[in-house]
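Visitor: Given chain A, put chain B in place with the hints provided.
There are 2 protein chains.
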Amino acid sequence: MGVIPLTEAPSIHPSFPPSLLAGSSEGLTEVFAALGEAIDAVRAAARPTGPIPAGAPADVLLSAAQALGPARLPAEGLGGKAALQLLATTLTEHGIDLSHPRAAAHLQPPSLAVAVAADALASATNASLDTYDSGPSAIAVERWLIGVLIDLAGLGKRADGVLTPGGSLSNLLGLLLARDAAALRLGLNARQDGVAALPGPVVFCSELAHFSVQRACAALGLGEAAVHPVPTDERRRMRPEALAAALAALTPDQTPLAVVATAGTTDFGSIDPLPQIAEIAADRGIWMHVDAAYGFGALFSERLAGRLAGLELADSVTLDLHKIGWQPAATSVLLVSDTSAFTALDREVAYLNPTDDSEAGYDGLLGRSLQTTRRPDAVKAAATFLTHGRTGMGRMVEICHDLARYAEHRILEEPELELVAPAELTTVVFRYRGGDPADSDRLNGALRRRLLESGSALIGRTEVRSGGPGSPQRVCLKFTLLNPTATADDIDGLVDAVLDAGRACVRLTEESAA
Amino acid sequence: MGVIPLTEAPSIHPSFPPSLLAGSSEGLTEVFAALGEAIDAVRAAARPTGPIPAGAPADVLLSAAQALGPARLPAEGLGGKAALQLLATTLTEHGIDLSHPRAAAHLQPPSLAVAVAADALASATNASLDTYDSGPSAIAVERWLIGVLIDLAGLGKRADGVLTPGGSLSNLLGLLLARDAAALRLGLNARQDGVAALPGPVVFCSELAHFSVQRACAALGLGEAAVHPVPTDERRRMRPEALAAALAALTPDQTPLAVVATAGTTDFGSIDPLPQIAEIAADRGIWMHVDAAYGFGALFSERLAGRLAGLELADSVTLDLHKIGWQPAATSVLLVSDTSAFTALDREVAYLNPTDDSEAGYDGLLGRSLQTTRRPDAVKAAATFLTHGRTGMGRMVEICHDLARYAEHRILEEPELELVAPAELTTVVFRYRGGDPADSDRLNGALRRRLLESGSALIGRTEVRSGGPGSPQRVCLKFTLLNPTATADDIDGLVDAVLDAGRACVRLTEESAA
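Line by line, the protein sequences are chains A and B. Numbering-wise (my numbering), the first sequence opens with residue 136 and increments by one. Numbering-wise (my numbering), the second sequence opens with residue 136 and increments by one.
Chain A on its own, in the form it takes in the complex:
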């Protein structure tokens, strides 16, 4: 391998104390002290009175950017205390507060204190899941969590799973496994040769499936055109008979890769009829992926778990504990009913899992993921599950469901508001009534922006078809209720804020028309 000349050994002048590094005993003390100081800075900061800072977005973003200073690595550092103080102040003064009772916009819960503490502990070790010697205990914790989730999902003994950085990537991974399995059945090796030889790939999902299904098909080289949306019923669930008809209508030059059922649509929480879809998929030998990113959390509650009946029939399942599960992002999971599905991802890498090492047990979870380095997101979720148990997790889900039902009730009582979709899980979709459809769309959009700009409430919006297929989309408002410490009074405050903003917008429109 050639002769390399002997150079002079460099002299090394260490100038950093052991407390530089989080994993050392001194470093853990340093993390703790630094966090304490950062928390003091959060407390001293001028926290917005509402859940989001008041002001137009451009102004809020500019203020935050100005607080951070020029986007250039400074020649000399400020030291940890000043830097953390600056970031703590910036995050607090120009950021959102999801624990605020009027924060109800997205599937983005306030994180649990225990999860944040556990995650900090995991970050301090900087373990990674890819190979045994990058973090044995982190591997054990992930395997424990996967076991718990398989049990909750009711999947069988051959089931397996892996954590991913988010629901969009879990869906992508599920569809990748489905794609490569379908190719294999046609005698094709998609991993080696790509998808060019795969005739007319088709992925079915409900018309209300998450847009990440389209994005995944684009990324996987199938194209968004591969996605065939299946119509939904009046409760916003995929119509199984429409799925069966669409499958029957396939031509021989088309390859059905997967049916994606949604268990908990983003806007409505509606759950596709899983048993019927599973039967249709099984009849045709097609992969069934269930996007339960949002809905999986219902399994924590005995009251709501029945809604996910049929989940155990899936070939793969996406679930996000950073939605219902109150984890800081991200704690997404892909479960598969059969561990052999992961062979599409297997890789033997000389520096990670050579054969002799693998045979001796020195192997990690590289072969279940598209990632190499992978952070131990399982630790925070394990800490949460052990802390609260099923009773505690279930109670959190039920409170959020009750909050949504309470909001639904209140909306029905308000003549200015129109309930668009009832509370299936923890969302409620509604409109502020007013004017012809176009005016009303503008009004609802403006109403929400008014709430955000005033900083008084953080609510969601979406678009909903006004009638049957082909009817126009209407702008709607949405509460996503994920705060298990919130009360009925908080919901009343939220609805009152919507009513105030709606009236103000109507007044402004009338004034400008006058």
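There's no promise every hint is true.
One copy or two, either will do: identical chains are not told apart, so a pair holds if it fits within one copy or between any two.
Here are the simulated DMTMM-like pairs of lysine to aspartate or glutamate, each with C-alpha atoms no more than 25 Å apart in a straight line [to be verified]:
| id | residue 1 | residue 2 |
| --- | --- | --- |
| 1 | LYS216 | ASP175 |
| 2 | LYS216 | GLU172 |
| 3 | LYS292 | ASP194 |
| 4 | LYS216 | GLU161 |
| 5 | LYS292 | GLU414 |
| 6 | LYS292 | GLU172 |
| 7 | LYS292 | GLU494 |
| 8 | LYS292 | ASP473 |
| 9 | LYS292 | ASP574 |
| 10 | LYS292 | GLU447 |
| 11 | LYS216 | ASP295 |
For the record, the hints were derived by calculation from the structure and aren't laboratory data.
Guide: Leaving out everything else, chain B in the frame of chain A:
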């Protein structure tokens, strides 16, 4: 939209205190207290004396699993204190310690205390990057960090970037943009129609490029066969003339999508000749992606920055601040030289970025990522950069480089060791001499497992071609030196541990032969 009957309003019985949630003022206090207790548990735990617990992998994993108990969600929780104590103990007793002076296996640095504290603060807010109202200040921090990195990379005014969950996914994203741009030049819409119509896609990279290039091509529907490895020179850098020849040899039914240059190979830290590769790529109008996951960190140091000359010519760049940058995983970044590259990822989503909201500035970073929810990994890196400045970051890089040079020197002095590759960045590849090639391969593999199983040192391994193209791969050992608090004595300890293990393995072999 149909009449929905009025149901009775549910009564809501909150049973959780405000301190449940990390984002509340009470919750932050709770996070702090809980972390303090977890740290006490870490201190009280029986920490292994070395960087990795002693024992065979199966035994270590079993012990950790037993500590966690049955993989089932318990009916009742243990409470936060007991749960965190259990996890802190498990992570410590069965996990690795990257701050240990004899931890030198992977591109997995010990994390900085300031980064862990800042990340905990960010997790407490649970901001997300996808839309304005999921976290304005987090968006501002990411934009700040991207600006800093663009400046360091020397990219121009039209440059842009986004954080991703890891280098493998940054490479995938870069190749996705390259793929869709190449299709567009042929009049194809890959996003809509997939890649079936794209004739003979080819991605060039050096034969020493990271395996994530192959994995990305498999995921993107191009197939691993799309990857054309280009031979390297004696310093393990892509040969530009070989690249030019490979390009010239393409047939009309082939489509070159990208050239991937590596700036810092995983094993050797070798850096492909970026200016020459850029010239060849530009001549042919081909996308140049630079995988600088490992090498980018050299830019922090004035002494080493020159090695990355030509980086500013890339169309896209992967960099991992969780490699050289001392962040807990993950803080990977994809930079692009022209923000218009991201149009391949644009999506308009009714619940996230409808037109009227986008026009009013209520838009986030959804259109730069394959993710929807995205954690604010930029916060910890921003805190680190502000704390240490370029001087501090540069000094850390230089110390690690010096440690590698010191190790190289020490290896050259030891007759039992053979230096295989000199220290370009912070790795050193070497072998324990002994026997014929097959025996020696077994010996080096066994030596490393012996170190791991005894728990005395955590070193890496890889395989290196013994001569020119086609010559057999030989098992080698590797130090990846990323601890800026380590000293020359620590390196001596590491080398001594290797020598001891090597002698023991030789003795065992001789005994079993006798």
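Visitor: Within a copy, between copies, both or neither: which one fits LYS216 and ASP175 at a CA-CA cutoff of 25 Å?
Guide: Both, since 11 Å and 23 Å are each at most 25 Å.
Visitor: How would you classify LYS292 and GLU414 at a CA-CA limit of 25 Å: within, between, both, or neither?
Guide: within (21 Å within a copy, 55 Å between copies)
Visitor: Which holds for LYS216 with GLU161 at a C-alpha limit of 25 Å: within a copy, between copies, both or neither?
Guide: both (16 Å within a copy, 22 Å between copies)
Visitor: With identical chains, the pair LYS292 and GLU494 could be close in the same copy or across copies; at 25 Å between alpha carbons, which is it: within, between, both, or neither?
Guide: Intra 23 Å, inter 51 Å, cutoff 25 Å: intra-copy only.
Visitor: Between the shortest in-copy and the shortest cross-copy C-alpha distance, which are at most 25 Å for LYS292 and ASP473: within, between, both, or neither?
Guide: within (8 Å within a copy, 49 Å between copies)
Visitor: How would you label the pair LYS292, GLU447 (within, between, both, or neither) given a Cα cut-off of 25 Å?
Guide: within (11 Å within a copy, 52 Å between copies)
Visitor: Give the relationship of LYS216 and GLU172 under a CA distance limit of 25 Å: within one copy only, between copies only, both, or neither.
Guide: both (7 Å within a copy, 22 Å between copies)
Visitor: Given a CA cutoff of 25 Å, do LYS292 and GLU172 count as a within-copy pair, a between-copy pair, both, or neither?
Guide: Cα proximity of LYS292 and GLU172: none, with 48 Å in one copy and 37 Å across.
Visitor: Check LYS292 against ASP574 for me: Cα-Cα at most 25 Å, and say if that holds within a copy, between copies, both or neither.
Guide: neither (56 Å within a copy, 41 Å between copies)
Visitor: Evaluate LYS216 and ASP295 at a C-alpha cut-off of 25 Å and name the case that applies: within, between, both or neither.
Guide: Intra 44 Å, inter 30 Å, cutoff 25 Å: neither.
Visitor: For LYS292 and ASP194, with the copy left unspecified, which applies at a CA distance of at most 25 Å: within, between, both, or neither?
Guide: between (54 Å within a copy, 22 Å between copies)
In terms of the numbered hints stated before, the structure departs from hints 6, 9, 11, listed from lowest to highest.
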